[in-house]
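With the hints as your guide, set chains B, A, G and X with the ligands onto chain H.
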Amino acid sequence: MSLAASVAVARGPMTVGLDVAVADGEVLAVLGPNGAGKSTLLRVLAGLLRPDDGRVVVGTDVWVDVAAGVHLPAHERRLGMVFQDHLLFPHLSVTDNVAFGLRTRGVRRGPARAAAREWLARVGVADLADRRPGQLSGGQAQRAALARALVGDPALLLLDEPLSALDARTRLTVRAELRRHLADYGGSTVLVTHDPVDAMALADRVVVVEEGRVVQAGTPADVSRHPRTDYVARLVGLALLPGTGEGGTVRLEGGGRVAVAEQTAGPVFVAVRPESVALYPSRPDGSPRNVWPARLVAATPHGSTVRCELAGEVPLIADVTATAFAELGLAPGTPVWASVKASEVAVYDR
Amino acid sequence: MSLAASVAVARGPMTVGLDVAVADGEVLAVLGPNGAGKSTLLRVLAGLLRPDDGRVVVGTDVWVDVAAGVHLPAHERRLGMVFQDHLLFPHLSVTDNVAFGLRTRGVRRGPARAAAREWLARVGVADLADRRPGQLSGGQAQRAALARALVGDPALLLLDEPLSALDARTRLTVRAELRRHLADYGGSTVLVTHDPVDAMALADRVVVVEEGRVVQAGTPADVSRHPRTDYVARLVGLALLPGTGEGGTVRLEGGGRVAVAEQTAGPVFVAVRPESVALYPSRPDGSPRNVWPARLVAATPHGSTVRCELAGEVPLIADVTATAFAELGLAPGTPVWASVKASEVAVYDR
Amino acid sequence: MRGRREAGVPAPLLVPALLAVAFLVLPLLGLLVRAPWSELWPQLSSPAVGQALRLSLVSATAATLVSVVLGVPLAWVLARSRIRGRSVLRALVTVPLVLPPVVGGVALFLVLGRQGLVGAWLDEAFGLTIPFTTTAVVIAETFVAMPFLVISVEGALRAADARFEDAAATLGADRWTTFRRVTLPLVAPGVAAGAVLCWARALGEFGATITFAGNFPGTTQTMPLAVYLALQRDPQAAVVLSLVLLAVSLATLLLLRDRWLSRAGAAA
Amino acid sequence: MRGRREAGVPAPLLVPALLAVAFLVLPLLGLLVRAPWSELWPQLSSPAVGQALRLSLVSATAATLVSVVLGVPLAWVLARSRIRGRSVLRALVTVPLVLPPVVGGVALFLVLGRQGLVGAWLDEAFGLTIPFTTTAVVIAETFVAMPFLVISVEGALRAADARFEDAAATLGADRWTTFRRVTLPLVAPGVAAGAVLCWARALGEFGATITFAGNFPGTTQTMPLAVYLALQRDPQAAVVLSLVLLAVSLATLLLLRDRWLSRAGAAA
Amino acid sequence: GGDDGAAAPGGATSSAPDDGPSGTLTVFAAASLTDVFTDLGGRLEGQHPGLDVQFNFAGSSALATQVVQGAPADVFASAAEPQMATVTDAGLAAGEPAVVAANVLQIAVPAGNPAGVTGLADFAREELALAVCAPEVPCGAASEEVFAAAGVAAVPDTQEEDVRAALTKVELGEVDAALVYTTDVASAGDAVEGLDFPESAEAVNAYPIATLTGAPNPDAAAAFVELVLSEEGRAALSGAGFRVP
Ligand SMILES: Nc1ncnc2c1ncn2[C@@H]1O[C@H](COP(=O)(O)OP(=O)(O)OP(=O)(O)O)[C@@H](O)[C@H]1O
Ligand SMILES: Nc1ncnc2c1ncn2[C@@H]1O[C@H](COP(=O)(O)OP(=O)(O)OP(=O)(O)O)[C@@H](O)[C@H]1O
Ligand SMILES: [Mg+2]
Ligand SMILES: [Mg+2]
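Protein sequences, first through last, are from chains H, B, A, G and X.
First residue of the first sequence? That's 13 in the numbering used here, and the numbers climb one at a time after it.
First residue of the second sequence? That's 13 in the numbering used here, and the numbers climb one at a time after it.
First residue of the third sequence? That's 3 in the numbering used here, and the numbers climb one at a time after it.
First residue of the fourth sequence? That's 3 in the numbering used here, and the numbers climb one at a time after it.
First residue of the fifth sequence? That's 768 in the numbering used here, and the numbers climb one at a time after it.
Heads up, a few of these hints could be off.
Claimed, not checked - Estimated spans, in silico, between C-beta atoms of each pair:
id, chain 1, residue 1, chain 2, residue 2, range
1, A, 90, G, 50, 28 to 36 Å
2, A, 122, X, 971, 38 to 46 Å
3, G, 71, A, 35, 23 to 31 Å
4, A, 182, B, 267, 51 to 59 Å
5, H, 77, G, 56, 53 to 61 Å
Honestly, the hints are just simulated from the structure, not real lab data.
A virtual CB, placed ideally from N, CA and C, is assigned to each residue, including glycine.
Extracted from the complex, chain H is given alone in its bound form (with noise of 0.2 Å):
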């Protein structure tokens, strides 16, 4: 069913004031830096939190009214959650947690534990159906808590950070396991996570989550390629500078001036692709018209790449193979420059 929510909630110093509403069937990605409330945004949800104010609606149903004095306990809101800390039962068994959702709405033990075993088997931790969570190592654990969320019927599925504590591979198949999943269900998904690819593979709609505030949303292609904020641009890998449009350059808001292919006026970010960007010691000749002078100031291997981070009047990332970084004699701090072409420039308005 479909979930439309706008919250308030005080949390410490910080307000989380968050708007979402997500369709039928969907699956909203909600990203942001640690601390942005995104969990917050869960708990208020699941009617763990109550907010200050605001409204929740799922389907025709009012499940927060803050102003109406409405407010339907957790219990009655036919959630699956996944929490960030799994918090499966200690004294019941890997199966009894996950049939615990079914049982508490009227399942019988049999067909309860036959289900759970299904799911068991399906996030790959079937072979542990009779362990204690106290046995469990921290991604089996995450597993059985995802079975525990998705087993039954639940109108709104909640998920915090589902893959976080597995494995590489493990995660590509209960990726592609929760993607099927989430495909022929019906009801809304809200997922925090801090993967761009979960996002991408999973979410059809992305919300950007900062300090309490939606800063971002739309398509996961839509909000990769023109991310909004510093963050948004890291988390996809690209170097995002914010600026002026005036014709065929920006003048960007921290000093100096960038090419770019388009003709542009106002207020624009400008986007720059990290394989774009090329590093030389000494300053080019040639067709590029962006030619800047930086600093390495971090270097990080990224399987055959090393993603070099670059301060100076235009702060860029650079992504360059490992032979170049060694022929460069790179270390933080040497001063290089770094050109990009006005093609490989993305431009749109702020």
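Structure of chains B, A, G and X with the ligands alone, referenced to chain H:
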């Protein structure tokens, strides 16, 4: 100080039997699927779990020697440890949590708190210093736990997925901070992680653990170039095909043949990078000597490319651009032809 | 190189713990040593002693059951609900602990006696009189012992991690289901401890019982009453009787607690 | 559309909880209603009552302190250490709960009396005699009340999450430091509950006290003893005295517990 | 603490200037003697300004235990002979105990006697709620004797551990009649009425008193026993409902 451990411990039906050695100042990354025994290893090294057999030697001190009945209690081991589920003390402020280790080792309250605050600043949670752990978000708690492990001067650092709950941007800065710290740090570090980037960025050496055994060890570059198990290959994004060298071709164990650029003989691994795999709707003509029919089983968008899992005589992974993916009209189940140039295929002894 | 085994009990804990054990166990040893063992057989073979022992065990167990059934919910209300006046209620519940048991017996008369608030009505409506019956013994013991259960279970509930109850709520469990299926198993060791306290206190109850239930062999004479009366005439016999009571309760505790605790432990 | 507020207390918990409250509080109300209030002022203004009340509070508090200092370590040993015979020890510690207090007083004589195991030596070596002194009151109360603390703290310790103790060990804390800085704060609500039980039981102690410490106004006559004497003479006055004791302990519990619990609660 | 000396043997020195007893006198007495002895103790203190009389009132058997355990008592007054026998058997009584008072049984009924009890025969009525003392305690033993003498097959609902407990039930109207001592009825006030019955003479309960061999303050002990046995003491006792020999 250097660490040499060779321990065996039964965990449910499985036995974890691991040999690891870490030199002074070295960082060893432990990679492996869920339930492989990584956390178990750390618990044994920390003295929280008694091994059934084996020895642990740090520097010249014998911490564990089961045969001789030696088992140094955890609190005498000079450790810094991050637990997979943080375990911050709920009754102490974040500062006091971080200062705890210093206080127990005799540092006075003032200096201990000052050191704690400094570390909290280094991991970016200085403003939360006076909160209780229950008032932190997941990622904030993980950073506090990291600070608690790093403060002081442990002989051995044991980090169990210390960055898993961090958002992508924070992860970069905390990882850089950790890297800086580990570069100066004289003790041994054992880092458990699921993220190959962490391993590449932080570790001097990598061991891969599967089902309680070490299946591969080496430098990060070595392991990522020459994976020896399917798990590692997936981790670093390669398709791994074991076979037997027969001159210019390799006969694969699963059936089928691969043409390679070198002459080989005997048991070998063939590794194929996803980028080097091209897909065609019908059998292509031309130079590549390796052309196989296959079927698409799963596709995951990943930045501007789509990662395709292929099943067939030769199971492969292919990265194609989103545009190409759309043009090929690919969907799970679609039959395709995959081709790889012989010169792009890596081959090395098993 | 230090090669010693894992430190056992640290001295600052061991020393007071040993003192505590000495303090609690030495007097018992003293009793054991000085007890006139020749009295044992005559006492044990006396049917009155058997009767009193049986009545004690039955009524203490019944009082514990009633206390668990009524007291655990009360502890939950005190620990979890947000009703007003909780702290007053908590203190009120603690207060019967302080009441001299004899006065407690008088108070029970005022409510359940022939002329008591409820008792008079029971008498008229159903011809039921409670005082001087085995029921009265159970009631007196429950009145005295239940607060021990309530307070210790409440402490266990406060210490338990309430986030598991959140998780249960998201799985559709209402508060009652959550209580039964999550909270109660999680605090099982606390309930076990409370029940042991309650049972032991009920088994040792004297003042309220003799006041409210009187002392009639076979109906209301529990062991402590028998011991007290024996003390009047033959202190030696009284010591032997107490030791019999001790031995029986020790055996029961050893059997029951280990069984219950190991179950509760497996659940934790 | 259901718009009602969060469910309060579920009926299957509320009904037994209400029954429990009625059962525990109604008799007190009965006492309050029937109490001869005209007696209140004469009793309150009598210096003997003031003395007894003061002695009761002082000795119960002292007994609680001793019990906490000795009993919490013992509870820790029972819950955490792996010494042998733990279950026997636990049962032994529970047993004084079952001992009729008067017999407990006799047992104390056997150890600490002038002719007792330890008492004789104390007398010879230091000229110290314990019986019939205020110290004897504290000892008698501690003997009777400490097991309540031990058992309920042990329950709390068992229910607490031992993984935090692992974390403390990796931070260099030995078991003693871990106990002080991690375990104890985590089980603070359990210790508070145990201390309340212990204090209340000590405050209400009668049998062991009158036997081992005697009944000397000003030195060993606590309120329950004063109530006992009053019962011999003037039952009405006894009821009033009990109510005074109740009121004082109620006030103390309300003050202390709320203060302690809110601190402990902030720590949780 | 300093006030511990009140009961400690060391406090009982007789170094006062006048010849009479001085220091601390410690009297262990049955709880039923509380009022009379407190009163007499006050009088003795009035006669001897240097004297401080301390009482320890409790059940006779508890007192006997304490004395046997070496309590620093000067005088022991028991509510029955068996407990005094415990002390004399241990060789702790100085001389023969003297009988200070005696008590006989009375039927106690709630004010107004709602059940219409008239005599000992009513203790055989099943429909009444009846209390007697347990046979282990003196008044219970006495009750058995009077029932035997009267030929009544008593059907009590409860055998009380002491007279007080029985009397409490009468006061509350929870029993229709109880067999208790005269003195207790006298002290109970208006809520209880006492009915004499002829067979009561069959069982007279004596209160023995003795000074103790280990008495820290034997002079004062002797003075107190003398006062209790004097005309003045007898008057006080009979005023409280005791029979005096
Ligand atoms: N109980 C609490 N009291 C006060 N502040 C809190 C409490 N819980 C969380 N906070 C604060 O509220 C903010 C939002 O927390 P929340 O858990 O929603 O973050 P999050 O987006 O889920 O972060 P993460 O990615 O680290 O899990 C954080 O700054 C956190 O410190
Ligand atoms: N207390 C226990 N009793 C029995 N088996 C256990 C216990 N704890 C863990 N195991 C099992 O031991 C194996 C190793 O667990 P461990 O926690 O070391 O895995 P891990 O490599 O850390 O996995 P993850 O990446 O999921 O954290 C797992 O299969 C797990 O199920
Ligand atoms: Mg979160
Ligand atoms: Mg792990």
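Each hint tested on the structure:
| no. | hint | in the structure |
| --- | --- | --- |
| 1 | A:90 - G:50: 28 to 36 Å | 30 Å, holds |
| 2 | A:122 - X:971: 38 to 46 Å | 39 Å, holds |
| 3 | G:71 - A:35: 23 to 31 Å | 28 Å, holds |
| 4 | A:182 - B:267: 51 to 59 Å | 57 Å, holds |
| 5 | H:77 - G:56: 53 to 61 Å | 58 Å, holds |
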